[in-house]
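Colleague: Here are the chains, one letter per residue:
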Amino acid sequence: MTVWQDQLFEVLKAGRVKQVAYVPDAGHARLIDRVSQDPDMRGIVLTTEEEGVALSCGAWLGGQRSALLMQSSGVGNCVNMFSLISNCRFPFLTLITMRGEWAEFNPWQVPMAKATQGALESMGFSVYRVTQASEAEETVQAALELAFESEQAVAVLLSQRLIGRKSWLTAN
Amino acid sequence: MQECGLDRRAATATLLSACADALVISGLGSTSYDLYAAGDRNSNFYLWGAMGGATAMGLGLALAQPRRPVLVLTGDGEQLMGLGALATLAVQRPPNLAIVVLDNGHYGETGMQRSHTALGASLTGVAAACGIPWTLDIDQMDALAALGTRIQSMQGCGFARIKVRAEELPRALPSRDGVWLKNRFRSALGFSPI
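Those protein sequence lines, which keep their order, are chains A and B. Sequential numbering of the first sequence, starting at 3, is according to the working numbering. Sequential numbering of the second sequence, starting at 43, is according to the working numbering.
By construction, these hints were calculated from the structure, which means they are not laboratory data. A few of these clues could be false.
Stated by the list, open to error - Anything over 12 Å on all C-beta distances counts as not near chain B; from chain A, calculated:
1. Ala16
2. Lys20
3. Ala23
4. Asp40
5. Ala56
6. Lys116
7. Ala117
8. Phe150
9. Glu151
Said to hold, decoys possible - Distance windows between CB atoms, simulated:
10. B:Asp49 x A:Gly65: 33 to 43 Å
11. A:Gln134 x B:Gly173: 39 to 49 Å
12. A:Ala105 x B:Ser195: 48 to 58 Å
13. A:Pro26 x B:Ser195: 30 to 40 Å
Bear in mind that the values here come from a model prediction, so they are computed numbers and not experimental data. We put the beta carbon where it would ideally sit given N, CA and C, even for glycine.
Please take these sequences and the hints and turn them into a complete structure.
Modeller: Right, here's the structure in full:
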């Protein structure tokens, strides 16, 4: 499971992403660990995902690339802040772990999961989806290039089937 | 009722004149007008929306530009919408970033309804409790030059709240073309458009 997450780290690092903002998610845990151990990258823990939208725009004003890691529920927290991206045509890359779809145990995750892609697209995002581990590296690479070379808002949805079921009945 | 507090335009102009090298992001509404009225600069970025985002935007900028002082100039209502960003800022604490809130205790753009700071909340208290290294409450003009000097010399990450009068002033309107503001700001730092 960690192989594709390590690949995503390498894509971000090779893509000169310096600031990686996140609200933690189990599916991003490996990537967050790798970022925190890299002296050339800065992991930034947020209290809510919309901070990461504004932070990313500030980073680009200052000449740095950034990425926002969140889970699908966080997309709903960001919607008005996304207007900053489209008004100013900031580049923006977010990697989103999906909850509330594949074999979900917690129904509270489901409504926002159903709305995630539509909410992003209605705010002007290009949305890619990864369902197989073999697609992850290439898809995030393409997303990164679209974001920073064309100043676009791009989201990559990492499907719950890819990440795996959350274990509710054992300690985790 | 004559409220106490400083003249926000004079306070902004005095502050900015003491930190002329600062990269400045202003929160939507009156603080964007105040910043523009103090003199338009290529290194000003005026928000017209994104309420609650000014502090986080300043954090991203300060981390990307560690050799330049960065000032976020915003209002009480804008900061109240982004209180969590003060906790995020306190974790990162870039020494070149200061948040300055012009606190009139009211939502000036929407009919001067009282905000939480007029009803008991202390933004300075929140900032200090989050762990931001220095915090100041300012209600005298003669403290502003020292604040500007402190920002200019990048003496640690901090937060200042300036008590200003709740009054409606003539609007001073900067450009609201976000793409233009972005490219102008980046050009001033030596970055080309794509």
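Colleague: Taking the hints in turn, state whether each one holds.
Modeller: Status of each hint after checking the structure:
1. Ala16: Holds, because the least Cβ-Cβ distance between Ala16 of chain A and chain B comes to about 19 Å, which exceeds 12 Å.
2. Lys20: Nearest chain B Cβ is 7 Å from Lys20 of chain A, so the label is violated.
3. Ala23: violated (8 Å)
4. Asp40: Correct as stated: the minimum Cβ-Cβ distance to chain B is 15 Å, above 12 Å.
5. Ala56: Contrary to the label, Ala56 of chain A does not stay out of reach of chain B, its closest Cβ about 3 Å off (not over 12 Å).
6. Lys116: holds (26 Å)
7. Ala117: holds (21 Å)
8. Phe150: Check fails; 8 Å does not lie beyond 12 Å.
9. Glu151: Check fails; 7 Å does not lie beyond 12 Å.
10. B:Asp49 x A:Gly65: 33 to 43 Å: With Cβ atoms ~36 Å apart, the hint holds.
11. A:Gln134 x B:Gly173: 39 to 49 Å: Cβ of Gln134 of chain A to Cβ of Gly173 of chain B: about 43 Å, so the range 39 to 49 Å holds.
12. A:Ala105 x B:Ser195: 48 to 58 Å: holds (56 Å)
13. A:Pro26 x B:Ser195: 30 to 40 Å: This hint holds: roughly 36 Å between Cβ atoms.
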